[in-house]
Amino acid sequence: MSSTAQELYRALIVERSKAPRFGGRPEVFDAQGQGENAMCGDRVQVFWQRGGVVRHEAHGCAILTASADLMAQAVAGKSPAQMAAMRGAFEEVVTSGMENPALGDLNALAGVAQYRARIRCATLPWAALEEALKEGQLHG
Amino acid sequence: MSTRAFNVSEIRKDFPILTQQVHGRKLVFLDSAASAQKPRVVIDAMVRVMELQYANVHRGLHWMSERTSDAYEAARDKVAAFLNARAREEIVFTRNATESINLVAYSYGRTALRPGDAVVVSQMEHHANLVPWQILRDAHGVELRIAKITDSGELDWESLEAQFADGKVKLLAITHMSNVLGSYTPAERLVAFAHARGAKVLLDGCQAIVHRAVDVQALDVDFYVFSGHKLYGPTGIGVLYAKREILEAMPPFLAGGEMIDSVSYERATWAPPPHRFEAGTPAIIETIGLGAAIDYVQAIGLDAIAAHERELTAYGLKMLAGIEGLRVLGSAQDRGGVLTFTMEDAHAHDIATLLDRQGIAVRAGRHCAEPLMGRMGVSAAARASFALYTTVEEIDALGEGLARIKQIFK
Ligand SMILES: Cc1ncc(COP(=O)(O)O)c(C=O)c1O
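These protein sequence lines map, in sequence, to chains A and B.
Numbered by the numbering used here, the letters in the first sequence go through residues 55 to 194 in order.
Numbered by the numbering used here, the letters in the second sequence go through residues 1092 to 1501 in order.
Calculated from the structure, these hints are not laboratory results.
Check before you lean on any hint, since a few could be wrong.
Claimed, not checked - Sample of chain A residues at the chain B side, in silico, Cβ under 10 Å:
#, residue
1, C94
2, I117
3, L118
As the structure is a prediction and not an experimental result, all values here were calculated from the model.
Just so it is clear, CB atoms sit at the ideal spot from N, CA and C, and this is done for glycine as well.
Model the full assembly from the supplied sequences, consistent with the hints where possible.
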């Protein structure tokens, strides 16, 4: 296996895709958002609760599931504005391949930059989160 | 037809791309069902037209145009002979199979079919043989019915009979070989069945045409469509075969130059088939390339190709059966070299990405057959497909690649 493939499928990603720590639909939440990749049928639902609690239900590849899980971990306790800023920084990492020290574990997905067709798998949960945040705002 | 003895290592030398490396690894191309690689003779034929005799067809009175028109029409003769059509006029050139089906749905569908008539397709159609009929249904008031398949991925004959029971069905549009399950449909039996009930038959031959000899007269099929690019020819050229009397009664699909007899500011009279359906400047170079591809395939012989691919398919199925947690979609008795599978440990996209890093190209996703994926109970799957240049060693490489993936996700 070439080094770049191992680079992408790091232990952290494999681990989180097989056993997500922030997976499952919570009993209470304030807003939700979805993302769907029409090309492959992968889907993710993101649940947001005031105070910065995020959970997800991902149906798809390892990159999608791990990204959703690492996202939920990274945004814990953050405000919607902070989450939005983090999304921008994360998208920069997965398109440029350059790690950002401020993003911690999210950098595990930097290798996805090498796989153009897979970038969307990593960014989909963040799009779903943004949808949830918008809904959250609407409902005050 | 002179056939050369089938020798895969010799055949591989005909395909320049097969010596390429991907990510520093030898290319193992197992995605020919999406689009096949091109032999040198096809590439050369296309380059030669452009270098030596290129001009527009059917328009010029000059030497170049006449030569190019001859070569373009010679490709029609080759396709006609390849399919054993009664006449060259039964061969219409399109952009691809998708356009061929749309042509039939639009031109035949809106004139020969009446509101209240029914069209039957199967559960294992490519979107190309489903969506045009949905549009016809919505625009023209025909009914669209879906014949079921069995869990083994074969046409469910009982379900088909039930769809025909009320006598409303006027067209059966069905794949000749599934691009996901590899299953062949019993074309001859289907045509006899539909004809006995007053329905015409369209076969989507995109996959089948590559793997076995097709004789439209023996099948007695009314429409047969395929794309050049899966048959080792170029992109941009497709074929619609239809019986002459059917084509003659069909109005044009697109309108413009080439397809008319005479035009005034008020009206135009249409050219006879096939030119009635070839409006505008056609894909001249690609059509000539398709002619060269057919010559190439016929020189090897479809029977020899079929025998080679049968061996590969049996070998591939056995290899995959040895991998724990791997499920092959479909188990039809009569199947071609298309193996679609899922693995418990890894999602199809992760499989494709990890195989790619080992130089192995497979397809992953929904294969333009989203409803069929649902029917088979999966959301996405990986697919390895074989061609005349595929080797047993490449199937072994796939097996090793899959074993490594299991390691990563264990
Ligand atoms: C069974 C089948 N039908 C139709 C098509 C559509 O072919 P094209 O995209 O060349 O029009 C394909 C190609 O993927 C196919 O496999």
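Hint check results:
no.	hint	in the structure
1	C94	holds (5 Å)
2	I117	holds (7 Å)
3	L118	holds (8 Å)
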